[in-house]
Amino acid sequence: MSRKRDPEAGGMNAKRMVFVKEYLIDLSAAKAAIRAGYSKNSAFRIGYQLLQKKCVKDAIKVEMEERSRRTEISADRVLMELAKIGFCNLADFVTIQDDGIPILDFSRTDRDKMASLSEITQDTYFEGRDDKAVPVKKTRVKLHDKVKSLHLLGNHLGIFRENAGGDDAPMPVKVEVSVVDGRKS
Numbered sequence: 167m168s169r170k171r172d173p174e175a176g177g178m179n180a181k182r183m184v185f186v187k188e189y190l191i192d193l194s195a196a197k198a199a200i201r202a203g204y205s206k207n208s209a210f211r212i213g214y215q216l217l218q219k220k221c222v223k224d225a226i227k228v229e230m231e232e233r234s235r236r237t238e239i240s241a242d243r244v245l246m247e248l249a250k251i252g253f254c255n256l257a258d259f260v261t262i263q264d265d266g267i268p269i270l271d272f273s274r275t276d277r278d279k280m281a282s283l284s285e286i287t288q289d290t291y292f293e294g295r296d297d298k299a300v301p302v303k304k305t306r307v308k309l310h311d312k313v314k315s316l317h318l319l320g321n322h323l324g325i326f327r328e329n330a331g332g333d334d335a336p337m338p339v340k341v342e343v344s345v346v347d348g349r350k351s
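According to our numbering, numbering within the sequence shown proceeds without interruption in unit steps and concludes at 351.
Accuracy of the hints is not assured; some may be wrong.
Ranges between beta-carbon positions, derived for each pair [to be verified]:
{"hint": "1", "residue 1": "Thr261", "residue 2": "Glu232", "range": "28 to 34 Å"}
{"hint": "2", "residue 1": "Ala281", "residue 2": "Ile191", "range": "24 to 30 Å"}
{"hint": "3", "residue 1": "Ile239", "residue 2": "Lys308", "range": "42 to 48 Å"}
{"hint": "4", "residue 1": "Asn179", "residue 2": "His317", "range": "38 to 44 Å"}
{"hint": "5", "residue 1": "Pro268", "residue 2": "Phe326", "range": "30 to 36 Å"}
Listed below are the simulated DSS-like cross-link pairs for lysine-lysine, each with C-alpha atoms no more than 30 Å apart in a straight line [unchecked claim]:
{"hint": "6", "residue 1": "Lys220", "residue 2": "Lys187"}
{"hint": "7", "residue 1": "Lys303", "residue 2": "Lys250"}
{"hint": "8", "residue 1": "Lys314", "residue 2": "Lys304"}
{"hint": "9", "residue 1": "Lys250", "residue 2": "Lys304"}
{"hint": "10", "residue 1": "Lys206", "residue 2": "Lys181"}
{"hint": "11", "residue 1": "Lys250", "residue 2": "Lys312"}
{"hint": "12", "residue 1": "Lys206", "residue 2": "Lys250"}
{"hint": "13", "residue 1": "Lys197", "residue 2": "Lys227"}
{"hint": "14", "residue 1": "Lys227", "residue 2": "Lys279"}
{"hint": "15", "residue 1": "Lys197", "residue 2": "Lys314"}
{"hint": "16", "residue 1": "Lys223", "residue 2": "Lys197"}
{"hint": "17", "residue 1": "Lys298", "residue 2": "Lys312"}
{"hint": "18", "residue 1": "Lys304", "residue 2": "Lys279"}
{"hint": "19", "residue 1": "Lys298", "residue 2": "Lys314"}
{"hint": "20", "residue 1": "Lys250", "residue 2": "Lys314"}
{"hint": "21", "residue 1": "Lys250", "residue 2": "Lys279"}
{"hint": "22", "residue 1": "Lys197", "residue 2": "Lys219"}
{"hint": "23", "residue 1": "Lys187", "residue 2": "Lys197"}
{"hint": "24", "residue 1": "Lys220", "residue 2": "Lys206"}
{"hint": "25", "residue 1": "Lys227", "residue 2": "Lys308"}
{"hint": "26", "residue 1": "Lys312", "residue 2": "Lys279"}
{"hint": "27", "residue 1": "Lys223", "residue 2": "Lys181"}
{"hint": "28", "residue 1": "Lys314", "residue 2": "Lys279"}
{"hint": "29", "residue 1": "Lys181", "residue 2": "Lys227"}
{"hint": "30", "residue 1": "Lys303", "residue 2": "Lys279"}
{"hint": "31", "residue 1": "Lys220", "residue 2": "Lys197"}
{"hint": "32", "residue 1": "Lys250", "residue 2": "Lys227"}
{"hint": "33", "residue 1": "Lys206", "residue 2": "Lys227"}
{"hint": "34", "residue 1": "Lys279", "residue 2": "Lys298"}
{"hint": "35", "residue 1": "Lys279", "residue 2": "Lys223"}
{"hint": "36", "residue 1": "Lys181", "residue 2": "Lys197"}
{"hint": "37", "residue 1": "Lys187", "residue 2": "Lys223"}
Hints were generated in silico from the structure; no laboratory data involved. Given the structure is predicted, the values throughout are model-derived calculations rather than measurements. Glycine included, C-beta positions come from ideal geometry on N, C-alpha and C.
All chains should be modelled from the sequences, with the hints used to inform the complete structure.
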């Protein structure tokens, strides 16, 4: 008669607790198993097996909740940050002059809008020759990937799931832009 091993045999021990701590670093069970001292040859299998154990799952959940409290990072906060990026608009940073030339204007920009920027660089160079040369500042603003943020938000909300119809079915939209006297209307 063969004996079945209890999958929870031993509960949490020091090595499993090290695995839990290591797992939280990169969420890789195999790498966590190796760093916790398990064999490289069986790390993938051991990591998987450890993640199936209720005591390990519970310990990971507790550690993740504690980390969220400590760092004040929550799913809501991450979603709000993605929304700042996804719903940013270049018009928040630009003023269009009467002649139609856009000028960067950060005077009405708040912290939330600035979160959508990944980079601001400024170069100074001279135009003209000799004593008639004047300094010119060139400012470049780079936004975070808006489409990626919207995609992540859409996935979270289930917007992109296959749908057989119903209320959430995508509705085709036609957008027309007309230009009158060189300005969009």
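- [ ] Check each numbered hint from earlier against the structure, then list the numbers of those it violates in ascending order.
- [x] 1, 3, 12, 14, 17, 19, 25, 34 and 35
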